[in-house]
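> Chains A and B are the protein sequences, given in the same order. Going by numbering that gives the first Met the number 0, the letters in the first sequence line up with residues 0 to 170, in that order. Going by numbering that gives the first Met the number 0, the letters in the second sequence line up with residues 0 to 310, in that order.
Any given hint might turn out to be false.
[What the hints assert, rightly or not] Cβ pair distances, simulated, as ranges:
| id | chain 1 | residue 1 | chain 2 | residue 2 | range |
| --- | --- | --- | --- | --- | --- |
| 1 | A | R169 | B | L11 | 19 to 27 Å |
| 2 | A | H132 | B | H81 | 22 to 30 Å |
| 3 | B | T31 | A | T139 | 26 to 34 Å |
| 4 | A | Q163 | B | A63 | 19 to 27 Å |
| 5 | A | T134 | B | D241 | 17 to 25 Å |
| 6 | A | H132 | B | D241 | 20 to 28 Å |
| 7 | B | T51 | A | H132 | 31 to 39 Å |
| 8 | A | R169 | B | A15 | 22 to 30 Å |
| 9 | B | A15 | A | Q163 | 28 to 36 Å |
| 10 | A | A67 | B | L11 | 56 to 64 Å |
| 11 | B | T58 | A | P153 | 28 to 36 Å |
Don't read these hints as lab results, they were simulated from the structure. Don't be surprised by glycine CBs; every beta carbon is placed ideally from N, CA and C.
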Amino acid sequence: MKPVPLARIDVAVRQTVPVAMTLALAVLGAVPFRVPALAAIAPALPLVAVCYWTLHRPDLMPAAAAFAIGLLIDLLSGAPLGVNAGALVLVHLLISTQQRFFASRSFAIVWLAVSVVIGLALALAWMLACLYHATVIDPTALVFEALFTAGCLPPLWWLMRQCQFLVPDRT
Amino acid sequence: MNDVLKTLGDWLLYAALFLAAAAAMLLGKADTVIVERLRAHTAAIVAPVLDTLSRPFDTAADGADRLHDFFALADQNAQLRHEREQLVQWQAVAERLAEENAVLRRLLNVVPEPGARYLAARVIADTGGVFARSLILNAGTAGGVQPGHIVVSSEGLVGRIAGAATGVSRVVLVTDLNSRVPVTVGNTRVRAILAGNNTDRPALIHLDTDAAAAVGDRVVTSGVTGAFPPGLPVGVVVAADDHHIAVAPFFESSRLEFVRVIDHGMRVPSAAMMTAVPPLPALPAAVPAAPAEAAEPAPAAAPATESAAGQ
Numbered sequence: 000m001k002p003v004p005l006a007r008i009d010v011a012v013r014q015t016v017p018v019a020m021t022l023a024l025a026v027l028g029a030v031p032f033r034v035p036a037l038a039a040i041a042p043a044l045p046l047v048a049v050c051y052w053t054l055h056r057p058d059l060m061p062a063a064a065a066f067a068i069g070l071l072i073d074l075l076s077g078a079p080l081g082v083n084a085g086a087l088v089l090v091h092l093l094i095s096t097q098q099r100f101f102a103s104r105s106f107a108i109v110w111l112a113v114s115v116v117i118g119l120a121l122a123l124a125w126m127l128a129c130l131y132h133a134t135v136i137d138p139t140a141l142v143f144e145a146l147f148t149a150g151c152l153p154p155l156w157w158l159m160r161q162c163q164f165l166v167p168d169r170t
Numbered sequence: 000m001n002d003v004l005k006t007l008g009d010w011l012l013y014a015a016l017f018l019a020a021a022a023a024m025l026l027g028k029a030d031t032v033i034v035e036r037l038r039a040h041t042a043a044i045v046a047p048v049l050d051t052l053s054r055p056f057d058t059a060a061d062g063a064d065r066l067h068d069f070f071a072l073a074d075q076n077a078q079l080r081h082e083r084e085q086l087v088q089w090q091a092v093a094e095r096l097a098e099e100n101a102v103l104r105r106l107l108n109v110v111p112e113p114g115a116r117y118l119a120a121r122v123i124a125d126t127g128g129v130f131a132r133s134l135i136l137n138a139g140t141a142g143g144v145q146p147g148h149i150v151v152s153s154e155g156l157v158g159r160i161a162g163a164a165t166g167v168s169r170v171v172l173v174t175d176l177n178s179r180v181p182v183t184v185g186n187t188r189v190r191a192i193l194a195g196n197n198t199d200r201p202a203l204i205h206l207d208t209d210a211a212a213a214v215g216d217r218v219v220t221s222g223v224t225g226a227f228p229p230g231l232p233v234g235v236v237v238a239a240d241d242h243h244i245a246v247a248p249f250f251e252s253s254r255l256e257f258v259r260v261i262d263h264g265m266r267v268p269s270a271a272m273m274t275a276v277p278p279l280p281a282l283p284a285a286v287p288a289a290p291a292e293a294a295e296p297a298p299a300a301a302p303a304t305e306s307a308a309g310q
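So here's chain A without its partners, still in its complex pose (with noise of 0.2 Å):
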């Protein structure tokens, strides 16, 4: 058996790092910050990261793995399961269909589409949660953590953007 020479891991490994990212913000979502009242409105952070390597690096962030990220989320947190999947695909859907429009536009322009499409996902998850419940529940909260994953959008591109040095170059 041909030695696999370790820069193959090297880049393999780094290869991991968007979707190794979302997971990441994924499982802190769960974590009990023991602040009053941020449960329940806490920033959806997954889908922000998914919309950001969706639209810089495609290749390593494919439809499936947002699936199987959004499952995850389901699996956690209680939610009916195959909610967040379906919110995390269509936000995967609506970035990569529209990378035309994202390039060279300024960050403003970026935050408010970005801010948008979670808004739609958020929309869907919520339509599908009452689908299963069989009732309307309030979406008072959803529209708070909807406006508070916006808030939260730039810093966290930011750092998304400080990561991306990490990720191998597309060969």
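Guided by the hints, dock chain B onto chain A, whose structure is given.
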């Protein structure tokens, strides 16, 4: 041509993933047992990370509480003195009532509640949100935690264990949309169901029609169906109109650090409870033999069956 095929393939993939999400929802609706097991095992995989990450926040919250206590020391002292004076009076009342209760229970042959087992557990994840209200605890099947066990804090009822794996278990809070707790309201002991709605204020439903709940009424578990032991404090009515009665639970999920898991030994589904009840009405049948020799036991037997049926 290749581009067209690639685009077609992408769309097919998205369609397949949306279908998979729909299938997952159907599975969650059709087989809750499998899904709960899956949730518990997923939590078990992430538990070590959550356990480690939650500790600094616990320490910080403890520190903040201590700092607050330090500055509020004089006020708290005065308040505690006042409360202590009141509690000493209540203690006397409680002791007298406990003795009286024990005597009456012996007199009426009340079936004793089954003994309960307790286990303390740490909250390692607070997964509250718009779609669910739940906690993850660092105690699981290895510690004897099983689905159906009751979770309480020092304030009152918190929820029920929905699923458990080795070293980890998931609690569905009373505020969760799936939670239904049989309760009694206020001193009138009107029966109702406390239904979670994924907000901090669950609602009272199925109240006896002519019974009204007033703001300030205490809500405690009724023990009907056997899923919850009777008498656990749940919350207090904070808003009541003709259509909606809102209850504020006594616990605050963001402040829960340690909770107690209770195995009250009565995990009997309602259907099984129904079959367990019939032997009790047989009691009066045995009584008629007694009135022949003493007239007194008969009136005593009637309330006995009434209270037994009420349990």
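> Each hint needs a verdict: does it hold in this structure or not?
Here's how the hints hold up against the structure:
1. R169(A) x L11(B): 19 to 27 Å: holds (24 Å)
2. H132(A) x H81(B): 22 to 30 Å: violated (46 Å)
3. T31(B) x T139(A): 26 to 34 Å: holds (28 Å)
4. Q163(A) x A63(B): 19 to 27 Å: Because 36 Å falls outside the window, the suggested range is violated.
5. T134(A) x D241(B): 17 to 25 Å: Holds, since T134(A) and D241(B) (Cβ atoms, about 20 Å apart) stay within the stated range.
6. H132(A) x D241(B): 20 to 28 Å: Holds, since H132(A) and D241(B) (Cβ atoms, about 24 Å apart) stay within the stated range.
7. T51(B) x H132(A): 31 to 39 Å: holds (34 Å)
8. R169(A) x A15(B): 22 to 30 Å: holds (26 Å)
9. A15(B) x Q163(A): 28 to 36 Å: Taking Cβ atoms as reference, A15(B) and Q163(A) lie about 30 Å apart, which means the hint holds.
10. A67(A) x L11(B): 56 to 64 Å: Violated, at about 18 Å.
11. T58(B) x P153(A): 28 to 36 Å: The hinted range 28 to 36 Å holds for T58(B) and P153(A), with Cβ atoms some 30 Å apart.
The structure does not agree with the numbered hints 2, 4 and 10 stated previously, though it agrees with the rest.
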